[in-house]
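**Student:** Here the sequence shown is numbered in the working numbering, starting from 433 and rising by one per residue.
None of these hints come from the bench; they were simulated from the model. Be a bit skeptical, because a hint or two may be false.
Distance windows between CB atoms, simulated [what the hints assert, rightly or not]:
1. Leu626 to Thr730: 24 to 34 Å
2. Val625 to Pro458: 20 to 30 Å
3. Gln535 to Pro458: 18 to 28 Å
4. Pro619 to Leu460: 56 to 66 Å
5. Ile645 to Ala603: 50 to 60 Å
6. Leu622 to Thr730: 26 to 36 Å
7. Met608 to Gly650: 17 to 27 Å
8. Gln624 to Pro522: 54 to 64 Å
9. Asp717 to Val762: 40 to 50 Å
10. Ala661 to Pro619: 41 to 51 Å
Note that beta-carbon positions come from the ideal geometry of N, C-alpha and C, so glycine has one too.
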Amino acid sequence: MNRRFFRTALLLGMALAFRTLLPGAPGLMHFQGRLLDAGRNPRSGSFAMTFSIWDASAGGNQLWSETQGAVTVSNGMFSVLLGSATPITPDVFASDNRWLQVQIGAEILTPRERLVTSAYAFRASTADAVADGAIADRHIHAAADISWSKISKAGSALSDIADAAVAAAPAGALLMRAATTWIALAPGSLGQVLAVSTSAASPAWRTPIAADIAFLDGRANLTWNNQPAALTEFAGATRYRLYCDLTSAHEVRLVARVVTAGAATASLRVQYSPDGGASWNYLDDVSGPSLGIGSAGTFASNWVSLAPATRADSLLRLVGVNGDGAADPVFGRISVQFR
433 MNRRFFRTAL LLGMALAFRT LLPGAPGLMH FQGRLLDAGR NPRSGSFAMT
483 FSIWDASAGG NQLWSETQGA VTVSNGMFSV LLGSATPITP DVFASDNRWL
533 QVQIGAEILT PRERLVTSAY AFRASTADAV ADGAIADRHI HAAADISWSK
583 ISKAGSALSD IADAAVAAAP AGALLMRAAT TWIALAPGSL GQVLAVSTSA
633 ASPAWRTPIA ADIAFLDGRA NLTWNNQPAA LTEFAGATRY RLYCDLTSAH
683 EVRLVARVVT AGAATASLRV QYSPDGGASW NYLDDVSGPS LGIGSAGTFA
733 SNWVSLAPAT RADSLLRLVG VNGDGAADPV FGRISVQFR
(Lines of atoms letter the chains of each structure in order from A and count residues from 1; the text may use other names and numbers.)
(Lines give C-alpha, C1' and ligand atoms only; values in the text may rest on other atoms or scores of the structure.)
Protein backbone atom coordinates (compact mmCIF):
# COMPACT_ATOMS: atom_id res chain seq x y z
CA MET A 1 0.00 0.00 0.00
CA ASN A 2 1.39 3.37 -0.99
CA ARG A 3 1.49 6.13 1.56
CA ARG A 4 2.23 9.80 1.10
CA PHE A 5 4.07 11.73 3.76
CA PHE A 6 3.97 15.53 4.25
CA ARG A 7 6.40 17.22 6.70
CA THR A 8 4.52 20.11 8.20
CA ALA A 9 6.92 21.14 10.93
CA LEU A 10 10.54 20.38 11.78
CA LEU A 11 11.30 22.05 15.04
CA LEU A 12 15.03 22.46 15.69
CA GLY A 13 16.91 24.96 17.76
CA MET A 14 19.67 24.72 15.17
CA ALA A 15 21.31 21.64 13.81
CA LEU A 16 24.77 23.18 13.97
CA ALA A 17 24.26 24.29 17.56
CA PHE A 18 24.69 20.67 18.64
CA ARG A 19 28.43 21.33 18.46
CA THR A 20 28.19 23.59 21.51
CA LEU A 21 25.76 21.69 23.73
CA LEU A 22 26.47 22.13 27.41
CA PRO A 23 27.13 19.04 29.54
CA GLY A 24 23.85 17.42 30.47
CA ALA A 25 21.84 18.89 27.54
CA PRO A 26 19.63 16.17 25.95
CA GLY A 27 20.54 15.01 22.43
CA LEU A 28 16.95 15.32 21.24
CA MET A 29 15.12 17.03 18.35
CA HIS A 30 11.35 17.60 18.14
CA PHE A 31 9.84 16.41 14.83
CA GLN A 32 6.20 16.64 13.69
CA GLY A 33 4.64 15.29 10.50
CA ARG A 34 1.43 14.31 8.73
CA LEU A 35 0.81 10.86 7.23
CA LEU A 36 -1.67 10.42 4.31
CA ASP A 37 -2.53 7.46 2.16
CA ALA A 38 -2.46 7.39 -1.65
CA GLY A 39 -5.88 9.05 -1.77
CA ARG A 40 -4.62 11.87 0.45
CA ASN A 41 -6.71 10.65 3.35
CA PRO A 42 -5.27 11.05 6.90
CA ARG A 43 -4.01 7.85 8.45
CA SER A 44 -4.54 6.77 12.06
CA GLY A 45 -2.97 3.96 14.06
CA SER A 46 0.41 2.82 15.37
CA PHE A 47 3.34 2.64 12.96
CA ALA A 48 7.01 1.59 13.15
CA MET A 49 9.16 4.46 11.92
CA THR A 50 12.91 4.64 11.35
CA PHE A 51 14.59 8.03 11.30
CA SER A 52 18.16 8.61 10.08
CA ILE A 53 20.45 11.55 9.41
CA TRP A 54 22.67 11.64 6.31
CA ASP A 55 25.33 13.95 4.89
CA ALA A 56 23.73 14.17 1.42
CA SER A 57 20.26 14.58 -0.08
CA ALA A 58 20.66 11.18 -1.77
CA GLY A 59 23.18 8.41 -1.17
CA GLY A 60 26.01 9.65 1.05
CA ASN A 61 26.88 8.45 4.56
CA GLN A 62 24.47 7.64 7.34
CA LEU A 63 25.51 9.53 10.52
CA TRP A 64 22.74 8.53 12.91
CA SER A 65 19.69 6.29 13.00
CA GLU A 66 16.99 5.04 15.35
CA THR A 67 13.73 3.08 15.09
CA GLN A 68 10.66 3.99 17.09
CA GLY A 69 8.46 0.88 16.96
CA ALA A 70 5.06 2.33 17.82
CA VAL A 71 4.52 5.92 16.74
CA THR A 72 0.91 6.99 17.30
CA VAL A 73 -0.71 8.70 14.31
CA SER A 74 -4.06 10.44 14.89
CA ASN A 75 -6.00 11.87 11.94
CA GLY A 76 -2.72 11.90 10.03
CA MET A 77 -0.73 13.88 12.66
CA PHE A 78 2.15 12.55 14.73
CA SER A 79 4.93 14.00 16.87
CA VAL A 80 8.18 12.35 17.96
CA LEU A 81 11.37 13.20 19.79
CA LEU A 82 14.33 12.16 17.66
CA GLY A 83 17.09 10.78 19.85
CA SER A 84 14.71 9.06 22.30
CA ALA A 85 16.12 5.62 21.46
CA THR A 86 19.60 6.60 20.26
CA PRO A 87 20.86 10.01 21.54
CA ILE A 88 22.01 12.45 18.88
CA THR A 89 25.60 13.43 19.64
CA PRO A 90 27.21 16.78 18.70
CA ASP A 91 29.58 15.19 16.17
CA VAL A 92 26.56 14.32 13.99
CA PHE A 93 26.42 18.04 13.16
CA ALA A 94 30.10 18.62 12.53
CA SER A 95 29.17 20.02 9.10
CA ASP A 96 26.23 22.09 7.83
CA ASN A 97 24.88 19.63 5.22
CA ARG A 98 22.59 17.28 7.07
CA TRP A 99 19.47 15.51 5.77
CA LEU A 100 16.72 13.63 7.61
CA GLN A 101 15.35 10.40 6.09
CA VAL A 102 12.07 8.81 7.27
CA GLN A 103 11.16 5.18 6.75
CA ILE A 104 7.71 3.76 7.61
CA GLY A 105 7.81 0.00 7.83
CA ALA A 106 9.80 -1.09 4.79
CA GLU A 107 9.01 2.03 2.74
CA ILE A 108 11.62 4.81 2.56
CA LEU A 109 10.01 8.19 1.95
CA THR A 110 11.66 10.51 -0.51
CA PRO A 111 13.05 13.09 -0.84
CA ARG A 112 15.02 13.49 2.35
CA GLU A 113 14.32 16.60 4.43
CA ARG A 114 17.20 19.04 4.85
CA LEU A 115 17.79 20.11 8.44
CA VAL A 116 17.80 23.89 8.65
CA THR A 117 18.05 26.68 11.22
CA SER A 118 15.23 28.25 13.21
CA ALA A 119 15.18 32.06 13.42
CA TYR A 120 17.05 32.89 16.65
CA ALA A 121 19.39 29.95 16.24
CA PHE A 122 21.26 32.00 13.60
CA ARG A 123 23.00 33.63 16.55
CA ALA A 124 24.52 30.27 17.48
CA SER A 125 26.83 30.59 14.49
CA THR A 126 28.88 33.03 16.57
CA ALA A 127 29.74 30.27 19.03
CA ASP A 128 30.30 27.81 16.19
CA ALA A 129 32.87 30.19 14.68
CA VAL A 130 35.36 29.80 17.55
CA ALA A 131 38.35 28.06 15.99
CA ASP A 132 41.52 26.55 17.44
CA GLY A 133 45.04 27.90 17.34
CA ALA A 134 44.74 31.67 17.73
CA ILE A 135 43.53 34.50 19.91
CA ALA A 136 41.45 36.93 17.89
CA ASP A 137 38.17 38.82 18.18
CA ARG A 138 36.19 35.57 18.21
CA HIS A 139 38.86 33.14 19.36
CA ILE A 140 40.02 32.10 22.83
CA HIS A 141 42.87 29.66 22.73
CA ALA A 142 46.04 29.27 24.80
CA ALA A 143 48.07 27.06 22.48
CA ALA A 144 50.45 29.94 21.69
CA ASP A 145 51.83 32.95 23.59
CA ILE A 146 49.37 35.77 24.27
CA SER A 147 50.64 38.98 22.73
CA TRP A 148 50.49 42.24 24.68
CA SER A 149 48.24 43.69 21.96
CA LYS A 150 45.53 41.26 23.09
CA ILE A 151 45.71 42.39 26.75
CA SER A 152 43.81 45.54 27.67
CA LYS A 153 45.73 47.81 30.02
CA ALA A 154 43.53 50.90 29.87
CA GLY A 155 43.51 52.93 33.06
CA SER A 156 46.72 51.44 34.47
CA ALA A 157 50.44 52.03 34.29
CA LEU A 158 51.21 48.47 33.25
CA SER A 159 54.41 48.28 31.21
CA ASP A 160 55.70 45.48 29.06
CA ILE A 161 57.99 43.09 30.94
CA ALA A 162 61.25 42.67 29.07
CA ASP A 163 61.83 39.09 27.91
CA ALA A 164 65.50 39.25 28.85
CA ALA A 165 64.71 40.16 32.44
CA VAL A 166 62.26 37.31 32.82
CA ALA A 167 64.57 34.80 31.16
CA ALA A 168 67.40 35.80 33.50
CA ALA A 169 65.45 35.05 36.68
CA PRO A 170 66.89 31.96 38.43
CA ALA A 171 64.73 29.33 40.06
CA GLY A 172 63.16 30.62 43.27
CA ALA A 173 63.79 34.28 42.43
CA LEU A 174 61.23 37.09 42.74
CA LEU A 175 60.41 39.45 39.88
CA MET A 176 60.56 43.01 41.20
CA ARG A 177 60.05 46.46 39.72
CA ALA A 178 63.07 48.70 40.42
CA ALA A 179 62.78 52.29 39.16
CA THR A 180 62.02 51.87 35.43
CA THR A 181 63.12 48.28 34.89
CA TRP A 182 62.20 44.78 36.00
CA ILE A 183 64.85 42.87 37.93
CA ALA A 184 65.05 39.38 39.39
CA LEU A 185 65.76 39.28 43.12
CA ALA A 186 67.81 36.17 43.89
CA PRO A 187 66.49 33.75 46.53
CA GLY A 188 67.31 34.55 50.14
CA SER A 189 68.72 32.22 52.79
CA LEU A 190 66.90 30.22 55.43
CA GLY A 191 65.17 32.50 57.93
CA GLN A 192 65.61 35.74 55.96
CA VAL A 193 62.80 38.19 55.19
CA LEU A 194 62.32 40.78 52.44
CA ALA A 195 62.69 44.29 53.87
CA VAL A 196 63.93 47.82 53.14
CA SER A 197 66.31 49.86 55.27
CA THR A 198 64.96 53.29 54.20
CA SER A 199 61.89 54.55 52.37
CA ALA A 200 63.92 54.99 49.18
CA ALA A 201 65.80 51.69 49.30
CA SER A 202 64.96 48.68 47.18
CA PRO A 203 63.80 45.54 49.01
CA ALA A 204 66.55 43.13 50.00
CA TRP A 205 66.84 39.90 51.94
CA ARG A 206 67.67 40.62 55.56
CA THR A 207 68.21 38.44 58.62
CA PRO A 208 65.98 39.55 61.51
CA ILE A 209 66.89 39.06 65.13
CA ALA A 210 64.21 36.81 66.54
CA ALA A 211 65.21 37.41 70.18
CA ASP A 212 67.86 38.98 72.38
CA ILE A 213 67.62 37.30 75.78
CA ALA A 214 69.61 38.95 78.58
CA PHE A 215 70.76 36.75 81.43
CA LEU A 216 72.52 39.81 82.87
CA ASP A 217 71.31 43.25 81.85
CA GLY A 218 74.52 45.12 82.70
CA ARG A 219 73.07 47.23 85.52
CA ALA A 220 75.26 45.39 88.06
CA ASN A 221 78.32 43.20 87.65
CA LEU A 222 78.25 39.56 88.74
CA THR A 223 81.28 37.62 90.00
CA TRP A 224 81.56 33.86 89.53
CA ASN A 225 83.69 32.79 92.42
CA ASN A 226 86.16 29.96 91.81
CA GLN A 227 84.78 28.75 88.46
CA PRO A 228 85.53 24.98 88.45
CA ALA A 229 86.98 22.96 85.59
CA ALA A 230 83.97 20.65 85.37
CA LEU A 231 80.79 21.70 83.57
CA THR A 232 78.91 23.80 86.10
CA GLU A 233 75.76 25.89 85.93
CA PHE A 234 76.54 29.58 85.89
CA ALA A 235 76.74 31.23 89.32
CA GLY A 236 74.79 28.52 91.13
CA ALA A 237 72.09 26.08 90.06
CA THR A 238 68.72 27.48 88.82
CA ARG A 239 69.68 31.12 89.42
CA TYR A 240 69.92 32.04 85.73
CA ARG A 241 67.37 30.04 83.75
CA LEU A 242 64.89 31.41 81.23
CA TYR A 243 62.00 29.97 79.24
CA CYS A 244 61.72 31.15 75.63
CA ASP A 245 59.87 30.33 72.41
CA LEU A 246 62.32 29.46 69.64
CA THR A 247 59.84 28.39 66.94
CA SER A 248 60.90 31.23 64.58
CA ALA A 249 64.65 31.07 65.25
CA HIS A 250 67.26 29.24 63.18
CA GLU A 251 70.62 30.37 64.55
CA VAL A 252 72.05 31.42 67.92
CA ARG A 253 75.12 33.14 69.36
CA LEU A 254 76.34 34.15 72.82
CA VAL A 255 77.40 37.75 73.63
CA ALA A 256 79.12 38.79 76.90
CA ARG A 257 80.96 41.71 78.43
CA VAL A 258 83.78 40.28 80.57
CA VAL A 259 84.87 42.84 83.18
CA THR A 260 87.50 40.63 84.81
CA ALA A 261 88.99 37.67 82.95
CA GLY A 262 88.64 34.11 84.14
CA ALA A 263 91.03 31.23 83.57
CA ALA A 264 92.78 31.26 80.19
CA THR A 265 91.03 28.05 79.18
CA ALA A 266 87.60 28.91 80.62
CA SER A 267 84.53 29.33 78.42
CA LEU A 268 80.84 30.21 78.79
CA ARG A 269 78.16 28.19 76.94
CA VAL A 270 74.36 27.85 76.61
CA GLN A 271 72.25 24.74 77.02
CA TYR A 272 68.56 23.99 76.55
CA SER A 273 66.16 21.56 78.15
CA PRO A 274 63.09 20.33 76.23
CA ASP A 275 61.64 18.67 79.33
CA GLY A 276 61.67 21.35 82.02
CA GLY A 277 65.17 20.70 83.33
CA ALA A 278 65.22 16.88 83.43
CA SER A 279 67.86 16.74 80.67
CA TRP A 280 70.17 19.30 79.06
CA ASN A 281 71.84 19.66 75.65
CA TYR A 282 73.83 22.31 73.83
CA LEU A 283 71.76 24.47 71.46
CA ASP A 284 73.46 23.00 68.39
CA ASP A 285 73.49 19.51 69.95
CA VAL A 286 77.35 19.61 69.85
CA SER A 287 79.04 22.19 72.10
CA GLY A 288 77.87 25.61 71.00
CA PRO A 289 77.54 28.40 71.17
CA SER A 290 80.78 28.78 73.16
CA LEU A 291 82.53 31.98 74.25
CA GLY A 292 86.05 32.22 75.71
CA ILE A 293 86.31 34.35 78.86
CA GLY A 294 90.11 34.24 79.37
CA SER A 295 90.45 37.99 78.76
CA ALA A 296 88.46 41.15 79.50
CA GLY A 297 86.30 42.83 76.86
CA THR A 298 83.03 42.40 74.97
CA PHE A 299 82.91 39.26 72.88
CA ALA A 300 80.43 37.43 70.60
CA SER A 301 80.61 33.80 69.60
CA ASN A 302 80.04 32.54 66.07
CA TRP A 303 76.48 31.95 64.92
CA VAL A 304 75.55 28.28 65.13
CA SER A 305 72.47 26.48 63.80
CA LEU A 306 69.83 25.51 66.30
CA ALA A 307 69.12 21.83 66.71
CA PRO A 308 65.59 20.94 65.44
CA ALA A 309 64.47 19.88 68.91
CA THR A 310 65.11 23.38 70.30
CA ARG A 311 62.57 25.06 68.00
CA ALA A 312 59.79 25.11 70.56
CA ASP A 313 59.32 26.27 74.14
CA SER A 314 62.65 25.52 75.80
CA LEU A 315 64.30 26.18 79.15
CA LEU A 316 67.73 27.81 78.75
CA ARG A 317 70.68 27.99 81.15
CA LEU A 318 74.27 29.25 81.15
CA VAL A 319 77.11 26.87 81.99
CA GLY A 320 80.86 27.22 82.31
CA VAL A 321 83.66 24.74 81.58
CA ASN A 322 87.44 24.56 81.96
CA GLY A 323 87.79 26.98 84.86
CA ASP A 324 90.80 26.56 87.15
CA GLY A 325 88.94 26.70 90.46
CA ALA A 326 90.80 29.82 91.47
CA ALA A 327 90.12 32.69 89.04
CA ASP A 328 86.93 34.75 89.61
CA PRO A 329 85.59 36.04 86.27
CA VAL A 330 83.33 39.11 86.51
CA PHE A 331 80.56 39.76 84.00
CA GLY A 332 78.78 43.02 83.20
CA ARG A 333 76.25 41.72 80.60
CA ILE A 334 75.41 38.31 79.11
CA SER A 335 72.84 37.78 76.38
CA VAL A 336 71.83 35.11 73.88
CA GLN A 337 70.83 36.30 70.42
CA PHE A 338 68.61 34.34 68.01
CA ARG A 339 67.82 34.88 64.38
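**Student:** For each hint, tell me whether it holds in the structure or not.
**Tutor:** Each hint tested on the structure:
| no. | hint | result |
| --- | --- | --- |
| 1 | Leu626 to Thr730: 24 to 34 Å | 31 Å, holds |
| 2 | Val625 to Pro458: 20 to 30 Å | 58 Å, violated |
| 3 | Gln535 to Pro458: 18 to 28 Å | 23 Å, holds |
| 4 | Pro619 to Leu460: 56 to 66 Å | 58 Å, holds |
| 5 | Ile645 to Ala603: 50 to 60 Å | 37 Å, violated |
| 6 | Leu622 to Thr730: 26 to 36 Å | 28 Å, holds |
| 7 | Met608 to Gly650: 17 to 27 Å | 41 Å, violated |
| 8 | Gln624 to Pro522: 54 to 64 Å | 55 Å, holds |
| 9 | Asp717 to Val762: 40 to 50 Å | 30 Å, violated |
| 10 | Ala661 to Pro619: 41 to 51 Å | 46 Å, holds |
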